[in-house]
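Hey, can you work out the whole structure from these sequences and the hints?
These protein sequence lines are chains Y and V, in that order.
For the first sequence, this note's numbering assigns the number 348 to the initial residue and increments by one for each residue that follows.
For the second sequence, this note's numbering assigns the number 82 to the initial residue and increments by one for each residue that follows.
A hint or two may mislead.
Claimed, not checked - Some chain V residues judged to face chain Y by a derived CB distance under 10 angstroms, without partners named:
no.: 1; residue: M82
no.: 2; residue: D171
no.: 3; residue: L174
no.: 4; residue: V190
no.: 5; residue: P192
no.: 6; residue: H194
As the list claims (entries may be wrong) - Far from chain V by the CB rule (all over 12 angstroms, computed), these chain Y residues:
no.: 7; residue: N579
no.: 8; residue: E628
no.: 9; residue: A705
no.: 10; residue: N749
It is worth saying that the hints were derived from the structure and are not from the lab.
All C-beta atoms, glycine included, are put in the ideal place defined by N, C-alpha and C.
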Amino acid sequence: MAPLLSEQIERIYTDERDRILATLIGMLRDFDLAEEMMQEAFAAALLHWPDSGVPAKPRAWIVGAARHKAIDRLRRDALFRAKFPDLQRTVEQAGEAENPLVFEAEEIFPDDRLRLIFTCCHPALATEAQVALTLRTLCGLTTEEIARAFLVPAQTMAQRLVRVKRKITEAAIPYSVPPAATLVARLDAVLVTVYLIFTAGYTASSGAALVKTDLCGEAIRLGRLLVSLVPNQSDPAALLAMMLFHDSRRATRTDAAGDIVLLEDQDRSRWNHASIQEGSEMLCRSLAGGAGESRYGIEAQIAAIHAMASRPQDTDWARIVALYGELKRVAPSPVVDLNEAVAIAMWRGPEAGLEKLAELEGSGRLAEYHLLPAAQARLLEKLDDRQSAAIHYRRAIALARNDPERRFLAARLAKVSSPSVFY
Amino acid sequence: MQYLLLIYSNESAAPDTASPQFIAGMKAYGEFTSEIKESKNFLGGNRLQSAATATAVRIRDGKTLLTDGPFAETTEQLGGYYLIEAANLDEALGIAARVPGAKWGTIEVRPVHPMQAPA
Numbered sequence: 348m349a350p351l352l353s354e355q356i357e358r359i360y361t362d363e364r365d366r367i368l369a370t371l372i373g374m375l376r377d378f379d380l381a382e383e384m385m386q387e388a389f390a391a392a393l394l395h396w397p398d399s400g401v402p403a404k405p406r407a408w409i410v411g412a413a414r415h416k417a418i419d420r421l422r423r424d425a426l427f428r429a430k431f432p433d434l435q436r437t438v439e440q441a442g443e444a445e446n447p448l449v450f451e452a453e454e455i456f457p458d459d460r461l462r463l464i465f466t467c468c469h470p471a472l473a474t475e476a477q478v479a480l481t482l483r484t485l486c487g488l489t490t491e492e493i494a495r496a497f498l499v500p501a502q503t504m505a506q507r508l509v510r511v512k513r514k515i516t517e518a519a520i521p522y523s524v525p526p527a528a529t530l531v532a533r534l535d536a537v538l539v540t541v542y543l544i545f546t547a548g549y550t551a552s553s554g555a556a557l558v559k560t561d562l563c564g565e566a567i568r569l570g571r572l573l574v575s576l577v578p579n580q581s582d583p584a585a586l587l588a589m590m591l592f593h594d595s596r597r598a599t600r601t602d603a604a605g606d607i608v609l610l611e612d613q614d615r616s617r618w619n620h621a622s623i624q625e626g627s628e629m630l631c632r633s634l635a636g637g638a639g640e641s642r643y644g645i646e647a648q649i650a651a652i653h654a655m656a657s658r659p660q661d662t663d664w665a666r667i668v669a670l671y672g673e674l675k676r677v678a679p680s681p682v683v684d685l686n687e688a689v690a691i692a693m694w695r696g697p698e699a700g701l702e703k704l705a706e707l708e709g710s711g712r713l714a715e716y717h718l719l720p721a722a723q724a725r726l727l728e729k730l731d732d733r734q735s736a737a738i739h740y741r742r743a744i745a746l747a748r749n750d751p752e753r754r755f756l757a758a759r760l761a762k763v764s765s766p767s768v769f770y
Numbered sequence: 082m083q084y085l086l087l088i089y090s091n092e093s094a095a096p097d098t099a100s101p102q103f104i105a106g107m108k109a110y111g112e113f114t115s116e117i118k119e120s121k122n123f124l125g126g127n128r129l130q131s132a133a134t135a136t137a138v139r140i141r142d143g144k145t146l147l148t149d150g151p152f153a154e155t156t157e158q159l160g161g162y163y164l165i166e167a168a169n170l171d172e173a174l175g176i177a178a179r180v181p182g183a184k185w186g187t188i189e190v191r192p193v194h195p196m197q198a199p200a
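What follows is the structure in structure tokens.
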């Protein structure tokens with residue numbers, strides 16, 4: 348039996364809305380108007396397709412219908428004309444044809460999603476605004492969903508989206524793919540935004556759940572889109588590989604009760620091997636394209652070593668330490684130093700790791716970061732220095748950001764504080 | 082689109098007018114100004130007297146209040162501006178990056194409201 352028409356339209360909406368919206372924004376030069384006209388065009392599809400059948404090229408039909416509706420409004424509504432003074436010209440430039448059927452010639456509409464990505468991630472926009480607008484337009488998340496994901500009131504998020512769209516219009520941020528001279532720098536801003544979406548999803552910054560599944564999925568979807576739209580650049584493939592490797596552990600990072608399971612304790616047979624496979628392909632592709640020296644290429648290689656080790660003891664820690672050394676050179680940060688210290692502990696023993704962590708603590712650069720005392724506590728525990736371990740676990744609990752992290756640390760604290768230590 | 086490039090820098094850290102840095106800065110501005118004047122982008126521009134010469138005017142309850150000094154006390158002061166024509170923000174940002182003061186101060190790029198743009 349053929350799927351119901353409403354289901355078919357819903358599927359077209361899910362699969363094609365970002366591309367349709369990108370085309371309409373390019374055509375109408377207004378984010379809100381484009382979205383409104385798209386909604387009206389889908390409503391028209393629900394009305395007309397039961398009689399006419401689903402057109403051969405539904406995306407082109409929707410774009411044509413949306414453009415039509417904008418032209419209708421221009422003709423009817425003087426207020427509308429005043430609000431969008433440039434619309435008449437841009438709509439007319441977009442094509443002379445009045446009949447939506449003419450738009451079935453698909454090649455009239457190139458894929459505009461890359462222009463949309465570069466506009467949403469323009470460096471003249473605040474990072475949090477870039478993230479919000481990308482999720483709203485390219486991922487189709489509602490304002491409420493984005494607000495929930497970033498723990499701000501819906502009203503605040505709505506205002507943020509209004510402001511960012513106004514800036515794009517009023518400052519005339521171009522709807523274009525940047526020229527070759529600035530492409531790499533601009534692409535970097537895009538990758539940072541995608542990475543931020545992924546990390547926001549990977550570890551919830553507060554609240555009850557450890558992983559915000561949707562954001563990771565959306566970031567991976569954006570990564571795949573970038574790989575297909577800028578195939579000659581190696582960093583998007585490297586970023587995608589890294590996200591896939593990390594996300595392959597999603598099912599095993601917490602147990603049935605929602606408690607954290609450490610990497611070394613995870614059931615590796617339950618890692619998502621399709622994700623690891625896709626990640627490996629992306630990593631090979633990015634390294635062949637020269638990503639070996641870039642931040643994302645190095646991080647993807649580190650993630651790959653973890654993902655490929657079938658047992659924890661098979662992990663090539665020496666190689667990981669070497670890669671962190673390279674990462675420190677390309678993208679220095681105290682979190683990289685912390686990860687390097689943990690890798691050194693795994694490679695050369697807890698004392699060597701603790702020495703590095705003490706240096707880092709002395710620098711004061713991670714004073715608010717719970718994973719520093721947590722890492723120290725873990726290594727002290729391995730050395731059977733339970734009293735010092737307990738002190739560090741308490742420090743980590745005070746700084747932890749979400750419930751599973753606090754529960755995990757509290758459980759470790761209980762273990763090292765067992766009465767045998769004190770009596 | 083018209084954009085105003087507002088040139089901010091720290092006046093108290095400005096080099097002495099007899100110093101080589103000051104002369105080099107003036108030379109760079111002279112070169113940039115003649116360059117942009119020859120381009121299609123230039124609509125206007127001026128160097129301002131120091132912020133100490135500013136007077137702020139406010140009318141409150143029908144009374145005119147005058148205050149000595151600029152509107153806001155900030156670490157960097159408005160020292161001049163260019164009014165330019167550019168196709169879009171990217172072009173305007175590219176021009177702003179060429180203003181010599183970008184190397185030691187800050188160039189704020191503001192789109193001009195189309196309703197208030199001079200004809």
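Against the structure, the hints come out as follows:
{"no.": "1", "hint": "M82", "result": "holds (5 angstroms)"}
{"no.": "2", "hint": "D171", "result": "holds (5 angstroms)"}
{"no.": "3", "hint": "L174", "result": "holds (7 angstroms)"}
{"no.": "4", "hint": "V190", "result": "holds (8 angstroms)"}
{"no.": "5", "hint": "P192", "result": "holds (5 angstroms)"}
{"no.": "6", "hint": "H194", "result": "holds (8 angstroms)"}
{"no.": "7", "hint": "N579", "result": "holds (21 angstroms)"}
{"no.": "8", "hint": "E628", "result": "holds (35 angstroms)"}
{"no.": "9", "hint": "A705", "result": "holds (37 angstroms)"}
{"no.": "10", "hint": "N749", "result": "holds (38 angstroms)"}
Consistency note: the structure conflicts with none of the earlier hints.
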